Amino acid sequence: MTAHAPITAASGCSEPVVQRQRGQHAVFCGLTGIIWMHRKIQDAFFLVVGSRTCAHLIQSAAGVMIFAEPRFATAIIEERDLAGLADAHEELDRVVDQLLSRRPDIRLLFLVGSCPSEVIKLDLCRAAQRLDKRFNPDCRVLSYSGSGIETTFTQGEDAALAAMVPSLPAKAADSPASLLVVGALADVVEDQFRRIFTDLGIGDVAFFPPRRSTDLPAIGPGTRMLLAQPFLAETARLLEGRGATRLSAPFPLGVEGTSAWLDAAAAAFGIGQAAFDAATAAPRERAARAMERYRPQLAGKSIFFFPDSQLEAPLARFLANEAGMRIVEVGMPYLHRQHMAPDMGLLPAGTLITEGADVDQQLDRCRAARPDLVVCGLGLANPLEAEGLNTKWSIELVFTPIQGYEQAGDLAELFVRPFNRKQRLSVQLPAKAATHQAAAPTGGA
Amino acid sequence: MQLTVWTYEGPPHVGAIRIATAMTDVHYVLHAPQGDTYADLLFTMIERRDQRTPVTYTTFQARDLGGDTAEIFQSACRDAHQRFQPAAMLVGASCTAELLQDNPAGLATALNLPIPVVPLELPSYQKKENWGASETFYRLARALLAGRAQGYVRPERAAGTRPSCNLLGPTALGFRHRDDITEVTRLLAALGVDVNVVAPLGASAADLARLPDADFNISLYPEIADVTVRWLERTFRQSTVRIVPIGVGATTDFIAEVIKVAGLDPAVAERAIPSRLPWYSRSVDSTYLTGKRVFIFGDATHVIAAARIATEEMGFTVVGIGTYTREFAREVRELAGKLGVEALISEDYLEVEARIAELQPELVLGTQMERHIAKRLRIGCAVISAPVHVQDFPARYAPQMGFEGANVIFDTWIHPLMMGLEEHLIGMFRGDFEFSDSATPSHLGAGHGSHMATQTSPVVPDIAMPEPAPVAAATMPPAATGASIIWANEAELELKKIPFFVRGKARRNTERFAILQGLELITVDTLYDAKAHFGR
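Residue numbers (our numbering), protein chains in the order written: chain A, 956 to 1400; chain B, 86 to 621.
Extracted from the complex, chain A is given alone in its bound form (with noise of 0.2 angstroms):
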């Protein structure tokens, strides 16, 4: 069997280097975990109470959502409603009810909360319970805040998923053991590790979220929980108050990762070395494989982080271990240093990780490391293009499928990429590139 990944973080030499920084943060707000999870629940609908921001926020983020209806829309808070807060109450009863009635395919409705719902301190949680009592059964209403002031981007798929765990059906006490993966995946992905559990002998295993709200994973004592993404703190916190075991691993990416996330779950259910080989050897092989086309375009290459979605970690992990990049600063939003524990030791010595931010001490940073890619978002990303630095969206590796030993390939493919279109293209840039200004096709005044 392979070696159990550790669960502390390593000591001495190998520990990786942690800076704190507080600033301008130029990262999205829980909200925008909106964008995947309405897609992932097929049967939820997401109503931020908050404000003509909020609302160009989320379709301003959520572009992608072009072929359907979005199930997500926002309660836009008035001036009348910051008048009195009975009044909101009943306003968000009215909004509610003209949602329902229009949608009435929904089974479970998000109430979230948003920065200006916050600091008026309008009761969600209440007003969830109150809405709940009156469309229960046909309708759930839970309640979780993706506000700004408490939540950064991938956090509000934690505080969603955490607003579900109480409505969990709880597992008998002597049931035999189970497995739990927590946290949204590609359908596809999920797909795949349910058919390499089932070859390793594990019968029961649950995805949690569910595609549809009603099929809720019972949990207690005996369920043993896989984090399949880092930033679900408050989701594990929960799940272990009910019963829950965590399985410490390292995140599922990349061949090493993969493996190490699935060994868990192994000698969890005490499956020998030769019933986990006969499982995973073959798609193991097969990333290994894949990978090979693209570890010649990464060796050797430096790669900068800002802080954007929590994947960052396990991403330098990945992209250090098994691409053979050179790690020159990993930026996180936050650290969870016992869930990150095991990413955190499988990187390079003195690897320097940077949690918080200040943007603008960053970009200073990054721009004196002239990094071969720099991994950040879409505010940034043209900025740095032009100043000739290669970029890759941060975000389009949450929107992406990566995870597994299916997906090892493509993931390295997405850091490939920026290369690759820089390799193609010989078309130079006018010498003044102010590409946004007016270029006029003969001489103007």
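No lab work stands behind these hints, which were simulated from the structure alone. Wrong hints could be hidden among the right ones.
[To be verified] To give an idea of the chain A side of the interface with chain B (calculated C-beta under 8 angstroms), a few residues: (1) THR1008; (2) GLU1105; (3) LEU1202; (4) SER1203.
[Claimed, not checked] Some residues of chain A that are not near chain B, with every Cβ distance over 10 angstroms (derived): (5) ARG1007; (6) GLU1034; (7) ASP1036; (8) PRO1092; (9) GLN1252.
[To be verified] Label-pair ranges, simulated between beta-carbon atoms: (10) B/ASP496 - A/GLU1033: 39 to 49 angstroms; (11) A/PRO1356 - B/ASP610: 37 to 47 angstroms; (12) A/ASN1375 - B/ARG168: 28 to 38 angstroms.
Here the structure is a predicted model, which is why all the values come from computation and not from measurement. Backbone N, C-alpha and C define an ideal beta-carbon position, used for all residues, glycine too.
Following the hints, position chain B against chain A.
Frame of chain A, contents of chain B only:
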């Protein structure tokens, strides 16, 4: 509280960011939580800007609320000044910080920065993006012209000098503003008029201080510039050209107005390179355009311009107009009255969709949202107005204004209509299996929905525009009028031979006719009687 699935305009501070980003040396310190930084990507991704937006967000967090968010704001102002060395600074709050009442104006003033600091009061829970842009431009111009405003006396223009004007209103993230400026500047040059300042797009703070040096102002985009030009009129005695030169007729009127205001010889009008539109509209192939039923929706400026082009320059029939610009609702209502239609003033795209479904136009002129609506209803659509989308920043030169703009508009509008013989063949051979209702006409792209799928990559291109909800099917419910009318089977089948894009209208007309005639059963004859009664 208002249920909003999608919104035409962002919050007012996004309007302020459009002004700051348009200018070369103005920085905006925005008291705002993490997350509000999303606004940056509107500029870097939709407009493909190659520089960061000049905005510092304080990104305060919940743990700061009990402490001193005011201190966070002040240090953000100090740091931004030191790092970016702007010539002027805008300060204000987004929706959340507005609730904290930290008073950014007072806090910033207390810092005594050695540059003009302009406080912005943008009520987030009442106003929207264009209002915010307009207010910001006005406050900034006032602040930077404070020294010149008192007792200003306009000097006579020296004999022999060329008249000059300011082009006011273009911003970052504006619909074709980039190319409109070039086109209008070129047109004015041909007439012998210099452009003193274009603002805010491409202007510096020092340029705004030079605004009074021009003889007159041109308000290119009233949504942004109107408040400022009114103040300039009062304060610096500058006249204003208010005709927006979109379309051949409007451009011709614009030229005449400029000549009048600038005191030029009317003969200079002939120096402008004319548009091809008037001849193209008279070319025989354009009989396809005659009487096409169009629905127009967008910002007020572009809707008003489009209505004139549609009626006077293309020979269309306008069946409906509307705008999301409440500030100019009166103008749009007046125009609707002249056209004999009802104006739709709304920020709710579901209402717009319902209206389009009801009117069954043959062409929609709208925003990117109406493009989605039209695609669902299988109606051709051309985009004429913001909110902008990455596709609204084409690599090619594509102004809307001036005579070249009229050429661009002609091409853009007829593109979704260019059916030629295909239209006839569909009419003649409804039974052809490839002409079935589910087969999209070739000019509308390869198959419903797949059009976007093939031309966009998963994350960026549609960044501003999620697909909205269908509210109503394209076909009208039978007997929408409420009467108990029954369609005979044969009549129902005959109706299906009519192209889908006019079928709803044919159905409604036939039912209306049946009611008029007191009929309870619609037969094939009733269908054709109604056709004869109402005409096409």
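Each hint, compared with the structure:
no.: 1; hint: THR1008; result: 4 angstroms, holds
no.: 2; hint: GLU1105; result: 5 angstroms, holds
no.: 3; hint: LEU1202; result: 31 angstroms, violated
no.: 4; hint: SER1203; result: 29 angstroms, violated
no.: 5; hint: ARG1007; result: 4 angstroms, violated
no.: 6; hint: GLU1034; result: 5 angstroms, violated
no.: 7; hint: ASP1036; result: 5 angstroms, violated
no.: 8; hint: PRO1092; result: 24 angstroms, holds
no.: 9; hint: GLN1252; result: 21 angstroms, holds
no.: 10; hint: B/ASP496 - A/GLU1033: 39 to 49 angstroms; result: 42 angstroms, holds
no.: 11; hint: A/PRO1356 - B/ASP610: 37 to 47 angstroms; result: 59 angstroms, violated
no.: 12; hint: A/ASN1375 - B/ARG168: 28 to 38 angstroms; result: 35 angstroms, holds
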